[in-house]
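Peer 1: Here is how the chains run, residue by residue.
2 protein chains.
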Amino acid sequence: MSMLVNYDEILKLENRFRANLINSLSGFKSANLIGTKSNNGLENLAIFNSVHHIGANPALIGFIQRPDSVERHTFENIIETKYFTINHINVSNFEQAHQTAARYKKNENEFEHCNINAEYVNDFYAPFAKQCEIKIALELADVIDIKLNNTKLVIGKIKFINYPNNIQHEDGSLDLNKASTVAISGLDTYYSTNKLAKLSYAKPHIKLNKIE
Amino acid sequence: MSMLVNYDEILKLENRFRANLINSLSGFKSANLIGTKSNNGLENLAIFNSVHHIGANPALIGFIQRPDSVERHTFENIIETKYFTINHINVSNFEQAHQTAARYKKNENEFEHCNINAEYVNDFYAPFAKQCEIKIALELADVIDIKLNNTKLVIGKIKFINYPNNIQHEDGSLDLNKASTVAISGLDTYYSTNKLAKLSYAKPHIKLNKIE
Chain Y
1 MSMLVNYDEI LKLENRFRAN LINSLSGFKS ANLIGTKSNN GLENLAIFNS
51 VHHIGANPAL IGFIQRPDSV ERHTFENIIE TKYFTINHIN VSNFEQAHQT
101 AARYKKNENE FEHCNINAEY VNDFYAPFAK QCEIKIALEL ADVIDIKLNN
151 TKLVIGKIKF INYPNNIQHE DGSLDLNKAS TVAISGLDTY YSTNKLAKLS
201 YAKPHIKLNK IE
Chain C
1 MSMLVNYDEI LKLENRFRAN LINSLSGFKS ANLIGTKSNN GLENLAIFNS
51 VHHIGANPAL IGFIQRPDSV ERHTFENIIE TKYFTINHIN VSNFEQAHQT
101 AARYKKNENE FEHCNINAEY VNDFYAPFAK QCEIKIALEL ADVIDIKLNN
151 TKLVIGKIKF INYPNNIQHE DGSLDLNKAS TVAISGLDTY YSTNKLAKLS
201 YAKPHIKLNK IE
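Those protein sequence lines, which keep their order, are chains Y and C.
Our numbering applies: residue 1 is where the first sequence begins, and numbers increase by one.
Our numbering applies: residue 1 is where the second sequence begins, and numbers increase by one.
Here chain Y stands alone, though its shape is the one from the complex:
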């Protein structure tokens, strides 16, 4: 049986039910911890499921900032200092990572409360999550208002990348499966992954190959 839920029915759904449904609809989401530090030295770590690719050249990554979320400590620190880190959540630390979503006070350090170690690399101002395999240092590049729902698209320029050398393919891509990176659906469900195939570049009227 097939469900068809229309615009008016979506509007009438209970808030939390609607949030859960609509958050499922874009498909699987990335699972990242964003690390920041305020000007007066308070570290912050927060989970985001909205981190996404913006462009490769220049190398840009973005995330969606909601107006009323706990994540605002992250946003405040980024605006104040310009620097943040993105760290891939993996199968060994997704529960600790989920716990960073709790509404800790600004002077409570999620690294300590959630059992993740802060790590400083190359004198970069913002802290990394030591237990993550893939770590990215970013500098704020732009904040774009999304007026439709009072959110913001926050875009960072990649300053450096830190990852284990045995997870990179010859073509440059990183093997997220080897890094045990997880995916999220909705707001609270975590998944490991099985590689189905790496496919060749698609051309009209030519059969695809499985590269791996």
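Everything labelled a hint here was simulated from the structure, so no lab data went into it.
Mixed in with the good hints there might be a few duds.
Remember, identical chains collapse to one label, so a pair may be satisfied in a single copy or spanning two.
Below 20 Å or equal to it, Euclidean Cα-Cα: the simulated SDA-like pairs (lysine to any residue) are [to be verified]:
(1) Lys157 to Arg103
(2) Lys82 to Asn177
(3) Lys198 to Phe17
(4) Lys152 to Val91
(5) Lys195 to Val91
(6) Lys82 to Glu43
(7) Lys198 to Gln168
(8) Lys207 to His113
(9) Lys159 to Arg18
(10) Lys159 to Tyr7
(11) Lys203 to Asn115
Let chain Y serve as the given structure and place chain C on it in line with the hints.
Peer 2: Below, chain C alone, put in the same frame as chain Y:
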């Protein structure tokens, strides 16, 4: 051993190698087909790995439009007609879906060339991909310029949702695993998923529960 690749080194990478590396860095991506139809009736179907959640109330989904991609047929049709569909790619059709990335001419119909059936639901103008389980009808709500790299964030408002009734949890969320929805890493690698856990709402100083 750990790799550290900095800003200047990223700039010097060969273009395709850099694209593959940087496209891995945001984590797993959603895998969706966007269906459109031009004013003169030409159907188009194209794979996107940049579809992401913008907000639940109002219910909004966005994707990133590149200036020079084949996906511009999709964008042209959306600007022209205002309507598009988002369809979850699954383990049974990810190869056909990948093939839609080939640079077909505007008068070549990807539905036909890639063996995916166009389906019309509820008199909605844009076609759905019949072989997908989760299907969303959207109306263009905004196009936001990202000046940093000349891309656009295209945002649609959800008009209706169509999905099998046995994949919805009591809390409203859809079980993407039951729908066989796949995830993408980089530009060309497809994954099925294993549920690790659905976790309880995080609160400070309270231990998380696994709901499932």
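Peer 1: Against each hint, give a clear statement of whether it holds in the structure.
Peer 2: Consistency of the hints with the structure:
Taking the shortest Cα distances, Lys157 and Arg103 never come within 20 Å of each other, neither inside one copy (28 Å) nor across copies (30 Å). In this assembly of identical chains, Lys82 and Asn177 lie within 20 Å of each other by CA distance neither inside one copy nor across copies; the values are 31 Å within and 38 Å between. For the identical chains of this complex, Lys198 and Phe17 are inter-copy neighbours only, at 15 Å across copies versus 36 Å inside a copy, given an alpha-carbon limit of 20 Å. In this homomeric assembly, Lys152 and Val91 never come within 20 Å of each other (Cα to Cα): the closest approach is 29 Å inside a single copy and 33 Å across copies.
Taking CA atoms no more than 20 Å apart as the test, Lys195 paired with Val91 passes in both settings, with 15 Å inside one copy and 11 Å between copies. Within a single copy, Lys82 and Glu43 get their C-alpha atoms as close as 14 Å, which meets the 20 Å cut-off; across copies the closest is 44 Å, which misses it. Proximity of Lys198 to Gln168 under the C-alpha cut-off of 20 Å is restricted to the intra-copy arrangement: shortest distance 14 Å within a copy versus 30 Å between copies. For the identical chains of this complex, Lys207 and His113 are inter-copy neighbours only, at 11 Å across copies versus 52 Å inside a copy, given an alpha-carbon limit of 20 Å.
With identical chains, the CA atoms of Lys159 and Arg18 are at most 20 Å apart between copies only, with a shortest distance of 14 Å across copies and 38 Å within one. With identical chains, the CA atoms of Lys159 and Tyr7 are at most 20 Å apart between copies only, with a shortest distance of 5 Å across copies and 42 Å within one. For the identical chains of this complex, Lys203 and Asn115 are inter-copy neighbours only, at 15 Å across copies versus 48 Å inside a copy, given an alpha-carbon limit of 20 Å.
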